[in-house]
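S.K.: Sequence:
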Amino acid sequence: MAKNVLRFTQDMAAASEEVTRLGGRIVQQFSPTVFVAELPDGSDETAMTSSTDQPVQPLDAASQLAVDAWTQARAARSARAGAARSPTEGLSWDTPGYQPPREFDTPEAGARSAREAELVAESTGTPTSRYMVGSVAVGVILVSRNTGAEVLSDAERVKIVQEVQEGLGWLAGVEPRARVSFVYDIRMVTVSSATGPYAGVTEPYERYERDWRDAALASMGYGPGRGGYQKYANDLRTSRHTDWAYVAFFTKYPLNHFAYAIVEKVVMNYANDGWGPDNINRVFAHESCHIFGAADEYGSCACGSTSGHLAVPNSNCVNCFPPGAQQACLMNANTLSMCDFSRRQIGWDERLFPRLTGWSGWVALGAPSTGFAGAPAVISRNGSVCNIYVRGADNALWQKAWFNNAWHDWGRHNDGGVLASEPALGSMGPDHEHVFVRGTDNQVWQKFWKAASGWSGWFALGAPPVGFTGGPAVISRNGSVCNIYVRGADNALWQKAWFNNAWHDWGRHNDGGVLASEPALGSMGPDHEHVFVRGTDNQVWQKWWTGAGGWSGWVALGAPPGGFAGAPSVISRNGSVCNIYVRGTDNALWQRAYWNGAWHDWGRHNDGGVLASEPALGSMGPNHEHVFVRGTDNQVWQKWWQG
Numbered sequence: 001m002a003k004n005v006l007r008f009t010q011d012m013a014a015a016s017e018e019v020t021r022l023g024g025r026i027v028q029q030f031s032p033t034v035f036v037a038e039l040p041d042g043s044d045e046t047a048m049t050s051s052t053d054q055p056v057q058p059l060d061a062a063s064q065l066a067v068d069a070w071t072q073a074r075a076a077r078s079a080r081a082g083a084a085r086s087p088t089e090g091l092s093w094d095t096p097g098y099q100p101p102r103e104f105d106t107p108e109a110g111a112r113s114a115r116e117a118e119l120v121a122e123s124t125g126t127p128t129s130r131y132m133v134g135s136v137a138v139g140v141i142l143v144s145r146n147t148g149a150e151v152l153s154d155a156e157r158v159k160i161v162q163e164v165q166e167g168l169g170w171l172a173g174v175e176p177r178a179r180v181s182f183v184y185d186i187r188m189v190t191v192s193s194a195t196g197p198y199a200g201v202t203e204p205y206e207r208y209e210r211d212w213r214d215a216a217l218a219s220m221g222y223g224p225g226r227g228g229y230q231k232y233a234n235d236l237r238t239s240r241h242t243d244w245a246y247v248a249f250f251t252k253y254p255l256n257h258f259a260y261a262i263v264e265k266v267v268m269n270y271a272n273d274g275w276g277p278d279n280i281n282r283v284f285a286h287e288s289c290h291i292f293g294a295a296d297e298y299g300s301c302a303c304g305s306t307s308g309h310l311a312v313p314n315s316n317c318v319n320c321f322p323p324g325a326q327q328a329c330l331m332n333a334n335t336l337s338m339c340d341f342s343r344r345q346i347g348w349d350e351r352l353f354p355r356l357t358g359w360s361g362w363v364a365l366g367a368p369s370t371g372f373a374g375a376p377a378v379i380s381r382n383g384s385v386c387n388i389y390v391r392g393a394d395n396a397l398w399q400k401a402w403f404n405n406a407w408h409d410w411g412r413h414n415d416g417g418v419l420a421s422e423p424a425l426g427s428m429g430p431d432h433e434h435v436f437v438r439g440t441d442n443q444v445w446q447k448f449w450k451a452a453s454g455w456s457g458w459f460a461l462g463a464p465p466v467g468f469t470g471g472p473a474v475i476s477r478n479g480s481v482c483n484i485y486v487r488g489a490d491n492a493l494w495q496k497a498w499f500n501n502a503w504h505d506w507g508r509h510n511d512g513g514v515l516a517s518e519p520a521l522g523s524m525g526p527d528h529e530h531v532f533v534r535g536t537d538n539q540v541w542q543k544w545w546t547g548a549g550g551w552s553g554w555v556a557l558g559a560p561p562g563g564f565a566g567a568p569s570v571i572s573r574n575g576s577v578c579n580i581y582v583r584g585t586d587n588a589l590w591q592r593a594y595w596n597g598a599w600h601d602w603g604r605h606n607d608g609g610v611l612a613s614e615p616a617l618g619s620m621g622p623n624h625e626h627v628f629v630r631g632t633d634n635q636v637w638q639k640w641w642q643g
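Sequential numbering of the sequence shown, starting at 1, is according to the working numbering.
The hints are all genuine.
In the SDA-like style, the derived pairs of lysine to any residue whose C-alpha atoms are separated by at most 20 Å in a straight line are:
1. K447 <-> W506
2. K450 <-> G429
3. K639 <-> R179
4. K639 <-> G621
5. K639 <-> G374
6. K543 <-> I475
7. K3 <-> G23
8. K447 <-> V418
9. K447 <-> W503
10. K639 <-> W402
11. K447 <-> A497
12. K450 <-> H413
13. K450 <-> D431
14. K639 <-> G584
15. K3 <-> S43
16. K450 <-> V481
Keep in mind that the hints were calculated from the coordinates and are not lab data.
All figures in this text were calculated on a predicted structure; none of them were measured in a lab.
Hey, can you work out the whole structure from these sequences and the hints?
M.R.: Now the structure itself:
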């Protein structure tokens, strides 16, 4: 069993890590400082150090509204304990005397359908709500008129947010494998627009919605119409680093219908028709499921129709059954139940869970107090330790370590080293790691750590006679061999090798390769290593070495459809899988995978991440890999995959 607790923090990333270590997860984030954690019943939240049960600083208006709503909901649950069931509980949405909530079909909604077999990386885009799996940003816009019956009182605002919290909180807990979490952006907007119908508007929903909605969007800095609220949803997805996003308008303005969903937008009237404000929670949960592809199961629904991105049959439609035989489901009645068909329509489907639940969301890991230059670098010398290294803005080496199942503070290497490049990292065993950089004298410099002796000082390793461009790259394919590769000033690949306990001279690869980036390195076993670069044609190119066959020639591996920025990165978490990652020209993470003896197509990670650097890669075991990047906020961000 689990419990939900309200917490306050000044460091959401640290709080999230702490919740995870306790075996829980954040299910609702009301603001950057206020969240709800789902924790195991036996956990002691009073021992949590990254968050508190009371705010330590004054809350902004949106945070305070969310807290007031949460507090009111708890009081309401206590008051309802033992009370008679609501008279509307379990009623079909089209019960005589009640208006049903609706999904309004538009031409844009057809974009939701796609072929079943497509890759996860291809399954997002527009709309921004293909699967209710992972993190979802929700723009909750409370629109009040400045006068008259359409004014939202403070109490009504609290009530709306309370109901939204209850509806989304329920959805977050229904399917644990989906790991659904909601990240809020609560906006309280006052406009002076008159009520509809609006002259010159023929579309029935727009006829009552356009003026007040567009005024609300304008007050938030967005343009009118679908373009405005679609941009808001996309901005939320990007800024909150969520997998998905949608927008919900709540108002007392008269509407064409009291509650409806259109692609990435829900609109609801506070009165909630005959269902009343106390049932906003279920109606909003119903409409949110429409946003993610669930179909209505009442009224004129059709048994043979399909819905959702996976084209799941609407086989719980009321017209498929004798009277009284239909499964109870939120999509057909005022009930907190989900039938199998609705679950699959919104993405809670066995075809997705093995793929989607492998990836975490993005987690912020901060930065050195000085800031840092360029991209991070990462190394995991064994399955329980991971180290991030960066070149600080002071040109010193800085480090952040993961051990004992926790990230620790950034620390500076006060060793006199002055870096002129980002660091390159390698390991020759579970108790060894080494760091290579370009020095201010344009040589490669190295330092290393051993469990028995700690850190060495810096050693100069020279440079190719022609010099080199950018930073070095390094790979150790086993415990006795290490190779440094650089892009020479002549744009050829150059190498310096450690074997037989000694460094050997720099050598040029006279293979015709012309590099347009620094090399990226990987190994799929003790007698294998491979090199990846950007070519002058802006494709990724690869060559490899094996103990049995020596060096291959260069092979072109293409590029994402829009191209990519900088150099590729590569990781092989075991001897049969290799992944290339790049920063696309759209600043998203793109991936190309080698498995089952073949390269597969490039795919985009539609996770809301916006990269400001090339990715850095590591692995803590044969079924794990993680990606680190600089974010647009100049922090290091991480996501990971676990098989």
